[in-house]
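S.K.: Chain residues, written in single-letter form:
Protein chains: 2
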Amino acid sequence: MEIKVLMIGFGHVGRGFADLLLKKEKILNEQYDLQVKVVGIITRSRGTVIDEKGLDLGKILNTTQAGQPFASTGLPVTDQSTEQLLETLDYDVLVELSITDLQNGEPATSYIKTALMRAKHVITTNKGPVALYLPELRKLSRNKGVQFRFEGTVMAGTPLLNLIHYNLAGLQIRKIQGIVNGSTNYILTRMSQGLSYEDAVSEAKALGYLEADPTADVEGWDAVAKTMILSAAVFKQPLTKEQIRRKGITHLRQEDVKAAEAQGKVWKLIATLEQREKGLLAGVQPELLEKSHPLASVHGATNAVIISTDFLPDVTIVGPGAGEYETGYSVLNDLINLSREIAVP
Amino acid sequence: MEIKVLMIGFGHVGRGFADLLLKKEKILNEQYDLQVKVVGIITRSRGTVIDEKGLDLGKILNTTQAGQPFASTGLPVTDQSTEQLLETLDYDVLVELSITDLQNGEPATSYIKTALMRAKHVITTNKGPVALYLPELRKLSRNKGVQFRFEGTVMAGTPLLNLIHYNLAGLQIRKIQGIVNGSTNYILTRMSQGLSYEDAVSEAKALGYLEADPTADVEGWDAVAKTMILSAAVFKQPLTKEQIRRKGITHLRQEDVKAAEAQGKVWKLIATLEQREKGLLAGVQPELLEKSHPLASVHGATNAVIISTDFLPDVTIVGPGAGEYETGYSVLNDLINLSREIAVP
Chain A
1 MEIKVLMIGF
11 GHVGRGFADL
21 LLKKEKILNE
31 QYDLQVKVVG
41 IITRSRGTVI
51 DEKGLDLGKI
61 LNTTQAGQPF
71 ASTGLPVTDQ
81 STEQLLETLD
91 YDVLVELSIT
101 DLQNGEPATS
111 YIKTALMRAK
121 HVITTNKGPV
131 ALYLPELRKL
141 SRNKGVQFRF
151 EGTVMAGTPL
161 LNLIHYNLAG
171 LQIRKIQGIV
181 NGSTNYILTR
191 MSQGLSYEDA
201 VSEAKALGYL
211 EADPTADVEG
221 WDAVAKTMIL
231 SAAVFKQPLT
241 KEQIRRKGIT
251 HLRQEDVKAA
261 EAQGKVWKLI
271 ATLEQREKGL
281 LAGVQPELLE
291 KSHPLASVHG
301 ATNAVIISTD
311 FLPDVTIVGP
321 GAGEYETGYS
331 VLNDLINLSR
341 EIAVP
Chain B
1 MEIKVLMIGF
11 GHVGRGFADL
21 LLKKEKILNE
31 QYDLQVKVVG
41 IITRSRGTVI
51 DEKGLDLGKI
61 LNTTQAGQPF
71 ASTGLPVTDQ
81 STEQLLETLD
91 YDVLVELSIT
101 DLQNGEPATS
111 YIKTALMRAK
121 HVITTNKGPV
131 ALYLPELRKL
141 SRNKGVQFRF
151 EGTVMAGTPL
161 LNLIHYNLAG
171 LQIRKIQGIV
181 NGSTNYILTR
191 MSQGLSYEDA
201 VSEAKALGYL
211 EADPTADVEG
221 WDAVAKTMIL
231 SAAVFKQPLT
241 KEQIRRKGIT
251 HLRQEDVKAA
261 EAQGKVWKLI
271 ATLEQREKGL
281 LAGVQPELLE
291 KSHPLASVHG
301 ATNAVIISTD
311 FLPDVTIVGP
321 GAGEYETGYS
331 VLNDLINLSR
341 EIAVP
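Residue numbers (our numbering), protein chains in the order written: chain A, 1 to 345; chain B, 1 to 345.
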């Protein structure tokens with residue numbers, strides 16, 4: 001099956017996905033009967049390239065590696081607007097990887113809606129649209145008979161949403177509890193190894209785990225966005241950010257971490273969603289865990305989530321939570337499973 | 001979609017599966033458009049019941065709970081042979097849950113072949129046929145255009161095979177390493193808490209984690225069978241049991257566990273499959289792990305597996321490895337995903 005992909009955004013995740021498409025071309029063809037053709041890449045900073053016969057991803061990766069705009073390299077650029085391209089280009093799947101905005105989800109939400117309205121499948125790793133508008137986007141995709149997938153919005157390519165969809169199908173999810181922000185877990189891990197909060201933050205920035213302004217991570221907003229996604233996607237009970245109790249890690253000091261250690265405990269920033277009789281309990285906050293707790297031994301930028309259900313004892317999934325290939329792979333995984341479901345058996 | 005199921009075997013797993021079908025009837029119908037009708041249950045000790053309109057599972061569960069043979073309860077029994085029923089009954093899916101035989105995989109393998117030859121889908125939790133004959137059974141199922149699923153043969157309902165199939169699709173699996181036998185992990189955990197090997201074994205027997213003859217578990221044969229399944233299913237390189245280095249836990253004594261503890265380490269029975277240039281390295285043996293190792297903190301009868309791939313950093317899945325509902329759910333999960341793949345989109 002040939003699938004024509006239109007990409008919006010070509011940052012780390014877009015590049016990781018494009019490189020995986022190149023490196024996995026043979027396996028996709030032989031094992032999944034899947035021929036992926038990227039017919040357009042729309043970016044803010046480098047311009048836009050389109051080719052209905054499929055773009056040369058190798059050349060594009062080299063170009064962007066060198067920091068060049070598309071126009072200077074002989075690639076087939078266009079000055080059509082994103083909306084125009086979404087409306088007129090011939091594609092099967094929109095891969096939406098533009099900048100995350102957790103306040104209003106734009107412009108990504110509009111892009112996604114435009115594609116869904118045209119009955120195009122959509123894959124995104126963008127937390128904004130999913131955290132804020134999942135019920136609406138899901139309804140639209142169903143009405144149009146297309147798929148809306150977003151595995152990479154939580155835990156990157158580590159399967160959580162697809163794990164629940166495929167592997168825990170039919171079970172009632174009672175509770176989800178975990179470490180869903182890698183940079184804060186990295187900071188807490190380094191603090192437990194003796195670093196001050198400030199030094200741990202500096203190190204995390206130097207390693208690219210934190211933005212120059214680390215507020216979204218260290219104040220817990222990123223984990224709140226993921227909790228919003230899980231509340232809507234898994235529990236079908238969308239929550240606003242105001243409905244999620246939130247406390248970041250900025251108040252934790254080396255003394256707190258040492259005091260925890262002395263008690264045989266460890267601080268972790270934990271996101272929790274629990275179905276109670278009165279409704280969904282949702283929160284993000286630092287918690288003092290016993291060292292024998294399954295999340296206590298999750299170190300560094302790794303993510304981990306414990307899923308509690310009605311009939312299966314707790315299942316825990318541990319893996320990377322961010323990164324170029326890690327998140328890029330989530331898009332490829334969504335694409336493979338999308339192609340499986342639209343294939344006539 | 002209505003699916004007619006023929007079951008062979010009605011022990012713990014069969015009962016767990018049947019009870020889940022009852023308890024999940026509404027969800028299966030509403031969320032998965034799935035109506036499951038069990039048209040026959042074949043057992044060695046209680047006889048065989050068939051009803052083309054669908055058996056009364058509630059009544060059958062009550063009957064078997066009380067230890068009665070089917071014949072004494074007014075249920076629609078038959079004295080037709082298993083082979084006759086497999087050949088003539090109208091069913092869509094064979095759920096094969098008969099006793100595991102790791103020497104020749106019989107009679108389960110013959111049952112499975114008969115069903116596949118008739119182009120019936122097959123779901124099994126029986127390690128024998130999969131460990132010994134997967135390539136042949138897979139080929140037969142492909143030729144007949146039907147599915148052969150066996151999630152429950154490794155880690156019960158904790159997703160491992162389906163996780164790799166759905167969630168790590170397209171990635172090259174380089175290494176699988178884990179705790180795949182819950183009873184030996186229970187014994188080692190209890191020994192680390194001060195029990196002697198003998199007392200830990202007695203306790204595991206009393207709790208139903210070990211058979212009266214614990215050889216298959218404590219000598220590592222059960223873990224070897226699972227390693228054989230993973231070698232064939234995941235690496236497509238079937239191995240015989242002779243090709244898997246094996247050492248059980250019977251030589252470990254309280255002193256060894258204490259000595260490990262003094263070094264900050266812990267003994268775990270680890271199954272490993274690793275793709276090397278020269279071929280697949282496969283072994284089951286007790287290993288001394290650092291306490292910071294992700295498998296070191298897996299306690300009791302829990303299973304855990306670390307999956308290493310070419311592009312995604314290690315993903316670890318932790319969950320139950322045995323049990324009535326735990327393994328019964330694996331059958332239900334296979335059935336839901338089977339129905340998804342045979343549905344016309």
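Treat the hints loosely; a few may be bogus.
The list that follows gives simulated cross-link-like pairs (lysine to aspartate or glutamate, EDC-like), each with its CA atoms no further than 20 Å apart [what the hints assert, rightly or not]: (1) B:Lys26 to A:Asp310; (2) B:Lys265 to A:Glu290; (3) A:Lys236 to B:Glu30; (4) B:Lys247 to B:Glu277; (5) A:Lys26 to B:Glu25; (6) B:Lys236 to A:Asp310; (7) B:Lys23 to A:Asp310; (8) A:Lys23 to A:Glu2; (9) B:Lys139 to A:Asp310; (10) A:Lys4 to A:Asp101; (11) A:Lys37 to A:Asp19; (12) A:Lys23 to B:Asp90; (13) B:Lys175 to B:Asp33; (14) A:Lys291 to A:Asp310; (15) A:Lys236 to B:Asp213; (16) B:Lys236 to A:Asp33; (17) B:Lys53 to B:Glu2; (18) B:Lys139 to A:Asp19; (19) A:Lys265 to B:Glu261; (20) A:Lys139 to B:Glu30; (21) B:Lys291 to A:Glu25; (22) A:Lys241 to A:Asp310; (23) B:Lys265 to B:Glu242; (24) A:Lys291 to A:Asp314; (25) A:Lys175 to A:Glu2; (26) A:Lys291 to B:Glu290; (27) A:Lys139 to B:Asp33; (28) A:Lys291 to B:Glu261; (29) B:Lys265 to A:Glu261; (30) B:Lys4 to B:Glu25; (31) B:Lys291 to A:Glu136; (32) A:Lys265 to B:Asp310; (33) B:Lys175 to B:Glu277.
By construction, these hints were calculated from the structure, which means they are not laboratory data.
S.K.: Hint by hint, say whether it matches the structure.
M.R.: Here is how each hint holds up against the structure:
no.: 1; hint: B:Lys26 to A:Asp310; verdict: holds, 15 Å
no.: 2; hint: B:Lys265 to A:Glu290; verdict: holds, 18 Å
no.: 3; hint: A:Lys236 to B:Glu30; verdict: holds, 15 Å
no.: 4; hint: B:Lys247 to B:Glu277; verdict: violated, 24 Å
no.: 5; hint: A:Lys26 to B:Glu25; verdict: violated, 42 Å
no.: 6; hint: B:Lys236 to A:Asp310; verdict: violated, 34 Å
no.: 7; hint: B:Lys23 to A:Asp310; verdict: holds, 11 Å
no.: 8; hint: A:Lys23 to A:Glu2; verdict: holds, 17 Å
no.: 9; hint: B:Lys139 to A:Asp310; verdict: violated, 36 Å
no.: 10; hint: A:Lys4 to A:Asp101; verdict: violated, 27 Å
no.: 11; hint: A:Lys37 to A:Asp19; verdict: holds, 13 Å
no.: 12; hint: A:Lys23 to B:Asp90; verdict: violated, 46 Å
no.: 13; hint: B:Lys175 to B:Asp33; verdict: violated, 37 Å
no.: 14; hint: A:Lys291 to A:Asp310; verdict: violated, 26 Å
no.: 15; hint: A:Lys236 to B:Asp213; verdict: violated, 47 Å
no.: 16; hint: B:Lys236 to A:Asp33; verdict: holds, 19 Å
no.: 17; hint: B:Lys53 to B:Glu2; verdict: holds, 12 Å
no.: 18; hint: B:Lys139 to A:Asp19; verdict: violated, 33 Å
no.: 19; hint: A:Lys265 to B:Glu261; verdict: holds, 19 Å
no.: 20; hint: A:Lys139 to B:Glu30; verdict: holds, 17 Å
no.: 21; hint: B:Lys291 to A:Glu25; verdict: violated, 40 Å
no.: 22; hint: A:Lys241 to A:Asp310; verdict: violated, 27 Å
no.: 23; hint: B:Lys265 to B:Glu242; verdict: violated, 30 Å
no.: 24; hint: A:Lys291 to A:Asp314; verdict: holds, 18 Å
no.: 25; hint: A:Lys175 to A:Glu2; verdict: violated, 39 Å
no.: 26; hint: A:Lys291 to B:Glu290; verdict: holds, 14 Å
no.: 27; hint: A:Lys139 to B:Asp33; verdict: holds, 18 Å
no.: 28; hint: A:Lys291 to B:Glu261; verdict: holds, 15 Å
no.: 29; hint: B:Lys265 to A:Glu261; verdict: holds, 19 Å
no.: 30; hint: B:Lys4 to B:Glu25; verdict: holds, 14 Å
no.: 31; hint: B:Lys291 to A:Glu136; verdict: violated, 46 Å
no.: 32; hint: A:Lys265 to B:Asp310; verdict: violated, 35 Å
no.: 33; hint: B:Lys175 to B:Glu277; verdict: holds, 12 Å
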